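K.L.:
Letter by letter, the chains look like this.
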Amino acid sequence: MSVTADLYVEVKNFYARQMRVLDDLDIEQFTATFTEDGSVAHPHRGEKVEGREAMRAKMTSMLPMYEGLVTRHWFDHFLIEPAGAAGDDGLRVTYYSLVTQTDTEDEMRFFSSSSVEDRMVRDEKGELRIRERVIHRDNPRHGRVI
Amino acid sequence: MSVTADLYVEVKNFYARQMRVLDDLDIEQFTATFTEDGSVAHPHRGEKVEGREAMRAKMTSMLPMYEGLVTRHWFDHFLIEPAGAAGDDGLRVTYYSLVTQTDTEDEMRFFSSSSVEDRMVRDEKGELRIRERVIHRDNPRHGRVI
Amino acid sequence: MSVTADLYVEVKNFYARQMRVLDDLDIEQFTATFTEDGSVAHPHRGEKVEGREAMRAKMTSMLPMYEGLVTRHWFDHFLIEPAGAAGDDGLRVTYYSLVTQTDTEDEMRFFSSSSVEDRMVRDEKGELRIRERVIHRDNPRHGRVI
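Protein chains in written order, with UniProt numbering: chain A, 1 to 146; chain B, 1 to 146; chain C, 1 to 146.
What the hints contain is simulated information worked out from the structure, not anything from laboratory work. Possibly wrong hints are sitting among the right ones.
The list treats identical chains as one, so a pair stands whether inside a single copy or across any two.
Derived lysine to any residue pairs resembling SDA-like cross-links, with alpha carbons at most 25 Å apart [claimed, not checked]:
hint: 1; residue 1: Lys125; residue 2: Glu81
hint: 2; residue 1: Lys48; residue 2: Asp106
hint: 3; residue 1: Lys58; residue 2: Ala83
hint: 4; residue 1: Lys48; residue 2: Ile135
hint: 5; residue 1: Lys58; residue 2: Val3
hint: 6; residue 1: Lys125; residue 2: Arg141
Here the structure is a predicted model, which is why all the values come from computation and not from measurement.
Model the full structure from these sequences, guided by the hints.
P.N.:
The structure is reproduced here in structure tokens:
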């Protein structure tokens, strides 16, 4: 494990910011945390959305599902590993993800639990960006994945 | 982001200790984690409690609500930023907060989910203390805040 | 608090890996994260299992309880303290633990919430291993413990 504490904290900060904009349904800022060709896959429903433009369209079409709710993503058990060719600064980051929703009556419920696998790279300014996200929804029928 | 990994860990340790004493309903120790003039605000119910003495009185009055339950606070997505004038060592810390409760029958339930904004300073011994806490309860009617 | 940020991250990585193998029901890999004489105690049910072999037998006997479910452990509020005689590299690690389960119908539920106290040592290769785990199940009848 060659990952320093400073990189660990940088990665955690990345997710803290990314989840604020996701849970705020700020599609523009959320997609900006991916590379231009970044992708999000949900293998359990055979879906892979590729590129910021397709992500924006997909997320916009799903907004009605999130109306009248506060959605929150809760992450745990991060593992950060160097991933890429020699000299590359790519990272493979895996973690648990729990999603909750609260409605106007203050009622909270579980939405889902998943394990997530991200491939990150640095952009030209040195900022972390996600190139590839795979979300494995927890369900005993899909097996346990990461 | 000028916050070092060491400061990150120090802040996380602060919350680990503060939540143990809060969930243990140890009002004396909990209020000691604030400055003498520290405050806790719940804007969604138009409430702001100022000073340790007022906090003690308020919390004591609320103890019956917590009888027969184990309450647990679960935090995530910390962002720690220097906050204050030049030379100041103040911090602004924001995070997600999920609260659960377990009763004598082993039944667990969600109590609430919130985003929290703390202003921290160091006391004369160099220990972190909270000067101002604002708890934004998650509810779509209040909007999403941090 | 003499624990460095690097050690903090090393300990968090340990738990990230240990929970993946536990939630994957990989008994062999899970018990390997303990010392050969490692123990797991559940004081609220007066139980203490000692040694990897007894742990394997106990966990194997409990597997049917976890059939058809994805179990996930979510941890928070870690406190890591040096623990042991001078020159020893032992650690005492305490944290909150929330357990959820998801069934084949995508229904999630709370399983339990606990506070956990681990004693860790390094093996001959320098790897962290748990010598003693005590799981305090949250229930107001048991009191609040860590």
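K.L.:
Under the constraints set out in the numbered hints, which ones does this structure not fulfil?
P.N.:
3, 5 and 6
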